[in-house]
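Protein chains: 2
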Amino acid sequence: MTSADSASRRRVVIIGAGFGGLSAAKALAGTSFDVTVIDRHNYHLFQPLLYQVATAGLSPSDIASPIRSIVRDEENISVVLANVSGIDVARHEVLAEGRRIGFDHLIIATGAQHAYFGHDEWAAHAPGLKTIDDATYLRRRILLAFEKAETETDPDERRRLLNFVVVGGGPTGVEMAGAIAELAKRALAKDFRAIDPRAARVILVEAGPRLLTPFDPSLSDAAKRSLEQLGVEVRLRAGVTNCDERGVSIGSERIESRTVMWAAGVMASPAGQWLGAETDRAGRVKVGPDLSVPGHPDIFVIGDAALALGADGQPLPGIAPVAKQQGWYVAALIKARSRGETPPPFRYRDYGILATIGRKRAVMQAGRLKLRGFIAWVIWCVAHIYFLIGFRNRLAVALNWVWNYVTFQRGTRLITGISGSRVEDMPMPVDAPAADKRPMRGAA
Amino acid sequence: MTSADSASRRRVVIIGAGFGGLSAAKALAGTSFDVTVIDRHNYHLFQPLLYQVATAGLSPSDIASPIRSIVRDEENISVVLANVSGIDVARHEVLAEGRRIGFDHLIIATGAQHAYFGHDEWAAHAPGLKTIDDATYLRRRILLAFEKAETETDPDERRRLLNFVVVGGGPTGVEMAGAIAELAKRALAKDFRAIDPRAARVILVEAGPRLLTPFDPSLSDAAKRSLEQLGVEVRLRAGVTNCDERGVSIGSERIESRTVMWAAGVMASPAGQWLGAETDRAGRVKVGPDLSVPGHPDIFVIGDAALALGADGQPLPGIAPVAKQQGWYVAALIKARSRGETPPPFRYRDYGILATIGRKRAVMQAGRLKLRGFIAWVIWCVAHIYFLIGFRNRLAVALNWVWNYVTFQRGTRLITGISGSRVEDMPMPVDAPAADKRPMRGAA
Chain G
657 MTSADSASRR RVVIIGAGFG GLSAAKALAG TSFDVTVIDR HNYHLFQPLL
707 YQVATAGLSP SDIASPIRSI VRDEENISVV LANVSGIDVA RHEVLAEGRR
757 IGFDHLIIAT GAQHAYFGHD EWAAHAPGLK TIDDATYLRR RILLAFEKAE
807 TETDPDERRR LLNFVVVGGG PTGVEMAGAI AELAKRALAK DFRAIDPRAA
857 RVILVEAGPR LLTPFDPSLS DAAKRSLEQL GVEVRLRAGV TNCDERGVSI
907 GSERIESRTV MWAAGVMASP AGQWLGAETD RAGRVKVGPD LSVPGHPDIF
957 VIGDAALALG ADGQPLPGIA PVAKQQGWYV AALIKARSRG ETPPPFRYRD
1007 YGILATIGRK RAVMQAGRLK LRGFIAWVIW CVAHIYFLIG FRNRLAVALN
1057 WVWNYVTFQR GTRLITGISG SRVEDMPMPV DAPAADKRPM RGAA
Chain B
657 MTSADSASRR RVVIIGAGFG GLSAAKALAG TSFDVTVIDR HNYHLFQPLL
707 YQVATAGLSP SDIASPIRSI VRDEENISVV LANVSGIDVA RHEVLAEGRR
757 IGFDHLIIAT GAQHAYFGHD EWAAHAPGLK TIDDATYLRR RILLAFEKAE
807 TETDPDERRR LLNFVVVGGG PTGVEMAGAI AELAKRALAK DFRAIDPRAA
857 RVILVEAGPR LLTPFDPSLS DAAKRSLEQL GVEVRLRAGV TNCDERGVSI
907 GSERIESRTV MWAAGVMASP AGQWLGAETD RAGRVKVGPD LSVPGHPDIF
957 VIGDAALALG ADGQPLPGIA PVAKQQGWYV AALIKARSRG ETPPPFRYRD
1007 YGILATIGRK RAVMQAGRLK LRGFIAWVIW CVAHIYFLIG FRNRLAVALN
1057 WVWNYVTFQR GTRLITGISG SRVEDMPMPV DAPAADKRPM RGAA
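Sequences listed follow chains G and B, in order.
The numbering used here numbers the first residue of the first sequence as 657 and each following residue consecutively.
The numbering used here numbers the first residue of the second sequence as 657 and each following residue consecutively.
Extracted from the complex, chain G is given alone in its bound form:
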C-alpha cells in the first residue's frame, strides 16, 4: 500500500481476523478497496475446536492458519500484527502500538473473552478458553494434575488432583467436560501405575436449570444423559459463589479440585470503550440494522463484539455463522454504498446449531429438526472439517480424528512451557483477561 494508492483508493480497516473479520476481508478481495487486517495474533483460529487442543486431541497448528497465508494472493489486502489500543474516531484512525492507521471504513470484529462477573481474582484459579495459549495452558494443567496425582502420597490431595470441575453448561463447557472424561477414562487409562485415571471425577457445574440453553429442552436432556454415560457428574442450578486454588464453592457446598475450568461467561472486547458507544452489560456494542454504530455510518461492529437484533427482536447469539454472515454483509454494504446503492438491513439466516458431547455423541437443531446421538455427531464432524480453513488443516484434523477414534489415543499430550511437575512454575497465558480489560480510549 503506497501513499499514491491510499490517496486514490478507499481504505477499509478490519480489526480482528476471526470468523467475522476474515469473511469481510475475503469478500473485499480483488476489489478497488485497500484493505488492512489488524490482529494481535498472526493466525486465524478455528475456535469451535479449541477444546480439542486443551484436551490433547489436536495440535494448535491443526486449528490455526497464518492470516498472511490465507490472504497471500489478494494483493489489495495487507496484514498487520499488532495490539490495538484505541480508535481516534474524529480523525478516522486506529491506534496500534504507536502507529496510527487511517481508515475510510472500519470493521470492528474483535470478539469476546471469558469474564468472571466481577470476580477477576478467579481468573488465576479457573482459566478460560479463548486463545491457543489458553488451550495449551489448560492442557498443561490437566495433564500435570494426573502427573502430580501419580506421585502424591496424601490421599486428600490426590483426590483433589483427580477432580476436574468445568464451570458453565454452554457448548464449550459441555464439550470440555466430555473430552476430559474421555481423556481420563480412555486415553490415559493404562498409563499410570499408582493411580487409576478412570477414577477421576469430572463435574460440570451450571447455574441455570439446564445445559445448552440455546437448544430445545429435549436436546438439553439428551446432552445431560450422554455426559452422564461418559461418567460426567452434571450439577444444574449450581451457581459458583467462590473459587480458589483448591476448588469451588456452590453456596455452602464445597467441591475440592486442583483443576477448574471456566466456561461460564464472556465479555465483549473493549470496542465499546474505544468508540465511546453504548453497550449492553456484556460489553457488546449496540449496532443499527446495517451493523453500523449509531452516529458513525462508516464504523461497523460485527460478531461477538456486537449486539445486533434478530428478526424476532432478540439479540443474535455469539456463534461463528452469525459473525461470518455479518462480515459478508458489511463487505457487500461497503461495496454497494460506493456504487451509490443502499442495501436492505442485515438478516441472519439460521442453518442450525450443533454441539458435541464426546465420541459418537452430539446434539443438533435446525428449525424444527432435532437430532441427537451418532448421526448428529457425524454431521458435526463433517461440518467442522468442512469449515476448517485450508485443505491441509482439514486433512490433518480428519486423520487425527480417525486415529483418535480407532485407537482411543491422544497424540498431542505434551506438557510444554514448563519442566518438572511444579504447577506453581507455570506461566499464565500472556493474553489473560485482566491485562486486556484496561482499554485506552482513543486519543482525541
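There may be inaccurate statements among the hints.
For chains that are exact copies, the list does not tell them apart, and a pair is met inside one copy or across any two.
[What the hints assert, rightly or not] Quick list of in silico lysine-lysine cross-link-like pairs, DSS-like style, CA-CA up to 25 Å:
{"no.": "1", "residue 1": "Lys-682", "residue 2": "Lys-804"}
{"no.": "2", "residue 1": "Lys-846", "residue 2": "Lys-682"}
{"no.": "3", "residue 1": "Lys-846", "residue 2": "Lys-1016"}
{"no.": "4", "residue 1": "Lys-1026", "residue 2": "Lys-682"}
{"no.": "5", "residue 1": "Lys-682", "residue 2": "Lys-991"}
{"no.": "6", "residue 1": "Lys-1016", "residue 2": "Lys-1026"}
Bear in mind the hints are in silico, worked out from the structure with no lab data behind them.
Note that the structure is predicted; figures quoted are calculated from it, not measured.
Go by the hints and put chain B onto chain G.
Chain B in isolation, oriented as in the chain G frame:
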C-alpha cells in the same frame, strides 16, 4: 511398584528419556527388574528434527511422544515427571523434587544443553535449540522478525530485522541456516506487502575452517556449496567475540541482526557434579569400558552426558545412534550381571552419519561411502521417518513433508506465547540453561 515388589525385585532407575534412556528402558521391558524412568518433561523428543519445529515445518507433537504412552504396556516400567536435583551416592538414592528414589542400578542419560563458553550473558540474545520450548521460542523470534520488518520505517532497523545469524557450522547450524533460507525465500515469499522476504540474509558463522567437521572434507565443501545455492552466506574461520541484542561481532567486524541463533557448543548435564565424578571440559563424565562410573560399578552414564572412548581411542560423538546403542548395552549388562555373567566392553557400531541442508539436499557418510545431493536427502528422509517413535508421528511427519515439498508451504507458522508484535514481551523458555547450571550436589 508396591513395597512388597521393591523388596524382592532389583530396582533400575533411569534419569532422562532421550534416545539413550528410552532404549535402556525398552530393553528392560518384561524383565524382573523394577524400572523407573525420571524425566523433567512428559515427552520423548526426536531431537534431530527439532530445527523443523523452529522453522515452522513441523508441529511439536509431530516429533514428541508422551513417555507414558511409549511404555504403557510394560508393567515393570513406571514414569516419574520430575526435575532431578542430585544423587545421594552413598545411600543409592536419586533426589527429585523433595522425593528420594532408591536404586540398585542407576543409568544417567541426561544429555547436553547448549553452552556459551563462559558467556552466559549471550543466552538471552542467541537462544539455542534443545527442547520443544526452545523451538517454539525460536519460531516466534524468526516469524516476529518478519512481522516487525513489515511495519518498520527505519531502513537500518528493517535491515537488522531481516538479517538472520546462525552461530555454529555443525549439523544443527547447517540445518537451521538452510531451513531459514527456504522459509524466507519460498514459504514467506508472497506473504508480505512492504518487505520482500526473499531479501532476507541468512549468515552461517563457523569458527573452524570447514562445516560439518565429523564428515569428510569433500562433503563439507558440498554442504557449503548447497547452502550457498540456497542463498546462505557461509563465513568460515569466524569466531564470535561478542553477542548482544543488535547482532554479533567477529573480531573487529560487526554483523547487525535481531535474530541470532546459537548452535556452536554443548555442555553436558550436571551429572558429573551430582556424582562428584571426573569430567572433561564439556562436562561429560569419564566412564569405563562398560560405561560405568569408575568406583561405582552400578552407576552408568550414557549418551551426550558421557565421555566414552571408541575403538580408535577417540571420544564417541554426541549423536543418537551412540546413545541408543549404549542404552541397549547397559540394559544387557545389568541383565547379564544378574545371571553372574560378565559381558565384553561396549563397542560402538558406526552405521554412518547424515546431515540435511534443505529441500532435496543432504550429505551422508558411511564407512567409505560418501553421498550428497538428492539421493542422500531421500535416505535422510526415510531414516528420520523410520526412527521417529510411534506410527502416528511417522505418518504425520511424512504427510507434512509431502505437503511442504509439493507446496513450499509451512503449515505451522504460529506465533504463540505472545500477542501483538513486541518482541520484548516474549518470555524465554523456562528451561533456559542458566537455571539448569546450578546443580545441587547429592546430600550426604
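Inset, instruction - Evaluate Lys-682 and Lys-804 at a C-alpha cut-off of 25 Å and name the case that applies: within, between, both or neither. - result: Between copies only: 24 Å across chains, 47 Å inside a chain, cut-off 25 Å.
Inset, instruction - State whether the alpha carbon distance between Lys-846 and Lys-682 is at most 25 Å within one copy, between copies, both, or neither. - result: between (47 Å within a copy, 17 Å between copies)
Legend entry - Within, between, both or neither, where Lys-682 and Lys-991 count as close if Cα-Cα is 25 Å or less: within (13 Å within a copy, 65 Å between copies)
Inset, instruction - Using 25 Å as the alpha carbon limit, work out where Lys-1026 and Lys-682 are close: within a copy, between copies, both or neither. - result: Neither way: Lys-1026 and Lys-682 sit 33 Å apart in one copy and 51 Å across, limit 25 Å.
Inset, instruction - Classify it for me, Lys-846 with Lys-1016: is the Cα-Cα distance of at most 25 Å met within a copy, between copies, both or neither? - result: within (22 Å within a copy, 42 Å between copies)
Inset, instruction - First find the shortest C-alpha distance between Lys-1016 and Lys-1026 inside one copy, then the shortest across copies, and answer within, between, both or neither for a cut-off of 25 Å. - result: within (16 Å within a copy, 53 Å between copies)
In the structure shown, a violation is registered for the earlier hint numbered 4 alone.
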